[in-house]
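A.B. asks: Heads up: the protein sequence lines correspond to chains G and C, in order. Heads up: the first sequence at position 349 corresponds to 349 in our numbering, and the numbers run straight through without jumps. Heads up: the second sequence at position 253 corresponds to 804 in our numbering, and the numbers run straight through without jumps.
In short, the hints are calculated from the structure, not lab data. Everything numeric in this text was worked out from a predicted model, so none of it was measured. Be careful, since some hints might not be right.
Computed list of chain G residues with no C-beta within reach of chain C, every gap over 12 angstroms [unchecked claim]:
1. Ala-181
2. Arg-227
3. Pro-265
4. Leu-323
5. Arg-419
6. Glu-423
7. Pro-442
Now the in silico label distances, taken between C-beta atoms and shown as ranges [unchecked claim]:
8. G/Gly-362 x C/Leu-661: 16 to 22 angstroms
9. G/Trp-433 x C/Arg-745: 29 to 35 angstroms
10. G/Phe-320 x C/Asp-740: 31 to 37 angstroms
11. G/Trp-433 x C/Glu-602: 41 to 47 angstroms
The beta-carbon is built from N, C-alpha and C at its ideal position, and this holds for glycine as well.
Letter by letter, the chains look like this.
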Amino acid sequence: MVWLQGGALAVCLFMIVGLLYVVFRQGMATFWPGPSLQVRTHGGAVYLGEVVREERYRPDPALLDGLPESARGPARDALAREDGWARRRLIYTANFDLTQTHHHWVSDFEIADEERPEWALVIERATNDGRFNGVPVAFLIDGKEVATDPADVWAKFNEHHGPVRQRFQRRVKIEKDQGGAVSRREEEARLGLRRAELEHGAGSPEYAAAASKLDEVNDWAAKEHDRLNDEIAHLNGENARYAMRLAAGGQQKMLPLADVVRAYPANRVGYWGKLGIYTSRWWEFLTDEPRNINSEGGVFPAIWGTAAMTLLMSLVVVPFGVLAALYLREYAKAGPVISAVRIAINNLAGVPSIVFGVFGLGFFCYIIGGSLDDLFFRSRLPSPTYGTGGLLWASLTLALLTLPVVIVATEEALAAVPRSMREGSYACGASKWQTIRRIVLPRAMPGILTGMILAMARGAGEVAPLMLVGAVKLAPSLPVDSEFPFVHPQRSFMHLGFHIYDVGFQSQDSESAKPMVFTTTLLLIALIATLNATAMLLRNRLRRRYAAGQF
Amino acid sequence: MALPPVPLPNTAAPPGAPHGPGPEPTSPAVVDGRLAAIARGEAVEAYIHPELAGESAVLSVECFNLWYGLKQALFHVSLVIPRGKVTAIIGPSGCGKSTLLRSVNRLNDLIDGVRITGDMRLNGDPIYGNSVDVIELRKRMGMVFQKPNPFPMSIYENVVYPLRIDGERDKRLLDEVCERSLRGAALWDEVKDRLRDNGLTLSGGQQQRLCIARAIAGDPEVLLLDEPCSALDPLATNKIEDLMQELKGEYTVLIVTHNMQQAARTSDYTAFMYLGRVIEYGVTSKLFTNPHVRDTQDYITGRFG
Numbered sequence: 001m002v003w004l005q006g007g008a009l010a011v012c013l014f015m016i017v018g019l020l021y022v023v024f025r026q027g028m029a030t031f032w033p034g035p036s037l038q039v040r041t042h043g044g045a046v047y048l049g050e051v052v053r054e055e056r057y058r059p060d061p062a063l064l065d066g067l068p069e070s071a072r073g074p075a076r077d078a079l080a081r082e083d084g085w086a087r088r089r090l091i092y093t094a095n096f097d098l099t100q101t102h103h104h105w106v107s108d109f110e111i112a113d114e115e116r117p118e119w120a121l122v123i124e125r126a127t128n129d130g131r132f133n134g135v136p137v138a139f140l141i142d143g144k145e146v147a148t149d150p151a152d153v154w155a156k157f158n159e160h161h162g163p164v165r166q167r168f169q170r171r172v173k174i175e176k177d178q179g180g181a182v183s184r185r186e187e188e189a190r191l192g193l194r195r196a197e198l199e200h201g202a203g204s205p206e207y208a209a210a211a212s213k214l215d216e217v218n219d220w221a222a223k224e225h226d227r228l229n230d231e232i233a234h235l236n237g238e239n240a241r242y243a244m245r246l247a248a249g250g251q252q253k254m255l256p257l258a259d260v261v262r263a264y265p266a267n268r269v270g271y272w273g274k275l276g277i278y279t280s281r282w283w284e285f286l287t288d289e290p291r292n293i294n295s296e297g298g299v300f301p302a303i304w305g306t307a308a309m310t311l312l313m314s315l316v317v318v319p320f321g322v323l324a325a326l327y328l329r330e331y332a333k334a335g336p337v338i339s340a341v342r343i344a345i346n347n348l349a350g351v352p353s354i355v356f357g358v359f360g361l362g363f364f365c366y367i368i369g370g371s372l373d374d375l376f377f378r379s380r381l382p383s384p385t386y387g388t389g390g391l392l393w394a395s396l397t398l399a400l401l402t403l404p405v406v407i408v409a410t411e412e413a414l415a416a417v418p419r420s421m422r423e424g425s426y427a428c429g430a431s432k433w434q435t436i437r438r439i440v441l442p443r444a445m446p447g448i449l450t451g452m453i454l455a456m457a458r459g460a461g462e463v464a465p466l467m468l469v470g471a472v473k474l475a476p477s478l479p480v481d482s483e484f485p486f487v488h489p490q491r492s493f494m495h496l497g498f499h500i501y502d503v504g505f506q507s508q509d510s511e512s513a514k515p516m517v518f519t520t521t522l523l524l525i526a527l528i529a530t531l532n533a534t535a536m537l538l539r540n541r542l543r544r545r546y547a548a549g550q551f
Numbered sequence: 552m553a554l555p556p557v558p559l560p561n562t563a564a565p566p567g568a569p570h571g572p573g574p575e576p577t578s579p580a581v582v583d584g585r586l587a588a589i590a591r592g593e594a595v596e597a598y599i600h601p602e603l604a605g606e607s608a609v610l611s612v613e614c615f616n617l618w619y620g621l622k623q624a625l626f627h628v629s630l631v632i633p634r635g636k637v638t639a640i641i642g643p644s645g646c647g648k649s650t651l652l653r654s655v656n657r658l659n660d661l662i663d664g665v666r667i668t669g670d671m672r673l674n675g676d677p678i679y680g681n682s683v684d685v686i687e688l689r690k691r692m693g694m695v696f697q698k699p700n701p702f703p704m705s706i707y708e709n710v711v712y713p714l715r716i717d718g719e720r721d722k723r724l725l726d727e728v729c730e731r732s733l734r735g736a737a738l739w740d741e742v743k744d745r746l747r748d749n750g751l752t753l754s755g756g757q758q759q760r761l762c763i764a765r766a767i768a769g770d771p772e773v774l775l776l777d778e779p780c781s782a783l784d785p786l787a788t789n790k791i792e793d794l795m796q797e798l799k800g801e802y803t804v805l806i807v808t809h810n811m812q813q814a815a816r817t818s819d820y821t822a823f824m825y826l827g828r829v830i831e832y833g834v835t836s837k838l839f840t841n842p843h844v845r846d847t848q849d850y851i852t853g854r855f856g
């Protein structure tokens with residue numbers, strides 16, 4: 001029997017460790033830059049890129065008939081030697097804009113020759129076409145070639161890339177911050193007019209005042225936009241002067257320098273260079289916004305969204321759960337009704353989470369959010385403010401989902417407070433509430449925190465309900481920013497769990513998204529572990545304080 | 552280790568050993584067959600020694616009955632607890648001693664299905680009744696339980712807890728009460744340097760004295776001790792017994808105990824209870840040496856119970 005029990009534990013441990021190992025290995029390896037390989041097939045096609053995977057397979061013998069005469073014999077021999085097995089490698093060829101594909105499988109018997117070109121550049125682009133692999137041909141300033149030797153082009157690139165990127169970022173900032181502020185004032189004036197119309201009617205003096213205000217703001221905004229556009233055009237014009245021409249697979253491509261996020265000659269960088277690229281990619285991953293349809297760049301908004309939603313959820317669920325458990329355990333008279341309530345709470349924990357999502361969408365978003373919009377945001381209708389998915393509603397939905405966990409854990413903790421302690425307090429003349437507040441709750445606090453930890457772990461990993469109540473693929477702005485009133489709980493947000501689903505299963509090219517899935521999973525696990533560790537630390541401190549006496 | 556203040560011959564001898572100053576008590580028990588009568592379900596009068604008539608009562612119990620659901624636990628209990636004295640209640644397990652004690656500060660109210668009839672008065676004020684504020688009532692008494700139950704807070708906060716829940720904030724007063732109570736419980740010298748430590752870090756005997764300090768912090772009119780030494784070792788038990796002698800006079804002490812030697816050593820008056828009834832109640836020395844009821848003698852000599 002003991003072997004069976006030990007075996008079960010060993011299987012569980014093996015699965016957990018295995019999962020963590022896979023996620024950790026793949027997640028950590030994603031950002032490490034590998035060398036570039038260039039292969040030429042017998043058919044004359046050239047593929048350049050990093051080898052991301054290799055496997056053995058049994059090729060259909062008919063496949064060999066497609067090879068030229070001279071290659072067929074050796075290929076058949078090679079296959080025969082391996083019992084019909086052959087090796088093939090997946091090359092991350094990138095250059096989606098030229099080839100309409102990101103990856104290509106190359107079998108060993110197809111290859112005429114392979115090499116590692118010294119100047120093969122890997123270029124990460126800000127556009128949605130993804131990476132570019134190629135050999136530099138020329139560096140152009142104002143359309144004139146200033147360098148044609150790869151080493152010179154690389155030197156020129158390094159010289160000009162920094163300033164170009166800075167200008168690019170300044171442009172993005174102008175568009176987002178200043179342009180956004182102007183648009184917001186315009187929007188406000190427009191809403192003011194709408195409000196005046198709703199409150200005072202279209203012919204009223206208030207309406208006329210709002211209309212003239214709107215005209216005024218519109219004039220100002222037009223001028224502001226012109227000014228900003230000029231500034232942006234200037235920056236763009238300056239950046240447009242620099243470009244690089246690269247050769248890839250017999251074609252040539254002109255890349256404006258402003259589109260290049262990061263570039264490196266994959267076969268020339270040494271260990272330290274690779275480490276630098278690795279670190280810079282991790283840094284971008286943790287602090288930046290996503291690019292290339294979420295499959296590259298960072299996930300900072302998703303980290304932020306996950307943490308904010310989990311904390312907000314705990315903030316809501318713990319007080320509610322504790323109050324409910326206190327009533328059930330301390331005040332309610334035991335009876336069939338209370339038993340039924342307990343059973344209902346336990347069953348609530350078994351309801352599929354998507355059902356909570358549907359409920360959250362119907363109740364929080366549409367009923368409560370819709371009423372809020374009707375009451376306070378009439379001028380914005382028909383576009384909803386609170387009447388749609390958002391951080392607040394997602395947190396409340398998850399709070400509902402995790403409520404049973406907190407209630408059950410708190411009830412256990414309350415039941416574990418010794419009767420003698422309560423009686424001691426009553427004997428001192430304490431009222432029921434004083435006893436609960438001064439004796440029972442402090443003593444039960446470690447148990448309550450355990451409930452909170454369980455709820456956080458459950459809530460942070462939940463994805464299905466979030467799809468309905470506010471998690472989105474790409475959120476334009478965080479729910480906290482410099483725009484009045486600084487906190488916008490109605491905004492939709494990004495979530496790591498949803499990001500994994502979106503990148504892994506909703507992107508056009510799952511092969512290039514796969515490493516990102518592992519890295520994001522690693523991050524999500526790390527984030528939940530951090531939240532849990534914090535709560536556990538807190539609990540252990542409390543537990544030491546209320547440790548039972550030994551004698 | 553102080554000697555027992557009430558000299559009683561042979562009380563330290565194991566139960567069942569020959570007992571009394573001579574081979575026979577000087578005046579043998581005169582009432583017999585009570586237990587048999589109780590077992591038959593007949594009502595019996597308690598024998599109350601005449602010495603009690605001269606004492607002024609802090610607590611008086613009159614014809615008190617108590618039911619747990621349908622089961623009756625106390626039958627027609629009538630007692631007066633004299634002021635400034637130590638009164639012990641003895642009897643076999645399940646005879647209702649603790650129930651009686653817990654009825655005094657109405658802790659039995661916390662149990663569902665408890666019903667009572669009869670009357671109890673604390674210095675003339677009714678304990679049971681619709682107009683009684685239970686919380687105010689409990690503040691007039693202190694209670695110490697079988698197992699030490701310090702609260703999960705500092706020693707200081709444990710002692711001043713009764714004042715804290717009254718909303719007392721005056722630091723000077725709290726300090727004063729803390730020191731006075733801890734001195735009263737003979738614990739001050741041991742803990743004065745670590746009042747901020749958790750009460751649960753003390754040893755078992757210290758914890759129980761901390762509970763006594765807490766019980767006397769509110770200056771109670773009567774101190775209820777529910778087998779206070781049953782979870783303690785002999786050394787700690789001795790300290791608590793000494794302490795009871797010191798508390799006597801200033802406080803009225805009502806103690807429930809399993810331990811007859813303890814009752815004999817520490818108390819001025821003793822009540823013997825059996826099956827929810829008071830059988831005999833009188834001066835400790837007389838009750839132990841010269842009981843009026845045969846059954847009392849049988850119990851204290853260890854023939855049953």
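A.B. asks: Indicate whether the distance between the beta carbons of G/Trp-433 and C/Arg-745 respects the range 29 to 35 angstroms.
C.D. replies: Given about 31 angstroms between the Cβ atoms, the range holds.
A.B. asks: Confirm or reject the statement that G/Arg-419 sits farther than 12 angstroms, beta carbon to beta carbon, from all of chain C.
C.D. replies: 9 angstroms, violated
A.B. asks: Kindly confirm whether 31 to 37 angstroms is satisfied by the beta carbon distance between G/Phe-320 and C/Asp-740.
C.D. replies: 48 angstroms, violated
A.B. asks: Since G/Arg-227 was said not to touch the interface, does its Cβ keep a gap of more than 12 angstroms from each Cβ of chain C?
C.D. replies: 63 angstroms, holds
A.B. asks: According to the definition I'm using, a residue is off the interface if its beta carbon is farther than 12 angstroms from all beta carbons of the partner; does G/Leu-323 meet that for chain C?
C.D. replies: 21 angstroms, holds
A.B. asks: At 12 angstroms, judged by beta carbons, does G/Pro-265 keep clear of chain C as stated?
C.D. replies: The assertion about G/Pro-265 holds, with a minimum of 65 angstroms to chain C.
A.B. asks: Measuring from beta carbon to beta carbon, are G/Gly-362 and C/Leu-661 in 16 to 22 angstroms?
C.D. replies: 44 angstroms, violated
A.B. asks: Per the hint of 41 to 47 angstroms, is the separation of the Cβ atoms of G/Trp-433 and C/Glu-602 within bounds?
C.D. replies: 46 angstroms, holds
A.B. asks: Measuring Cβ to Cβ, find out whether G/Glu-423 lies farther than 12 angstroms from everything in chain C.
C.D. replies: 6 angstroms, violated
A.B. asks: For G/Pro-442, which was marked as not at the interface, is the minimum beta-carbon distance to chain C over 12 angstroms?
C.D. replies: Given that some Cβ of chain C is not farther than 12 angstroms from that of G/Pro-442, nearest at about 6 angstroms, it is violated.
A.B. asks: Would G/Ala-181 pass as off the interface with chain C, using Cβ distances and a cut of 12 angstroms?
C.D. replies: 52 angstroms, holds
Taken one by one, the earlier hints fail for this structure at numbers 5, 6, 7, 8 and 10, listed in ascending order.
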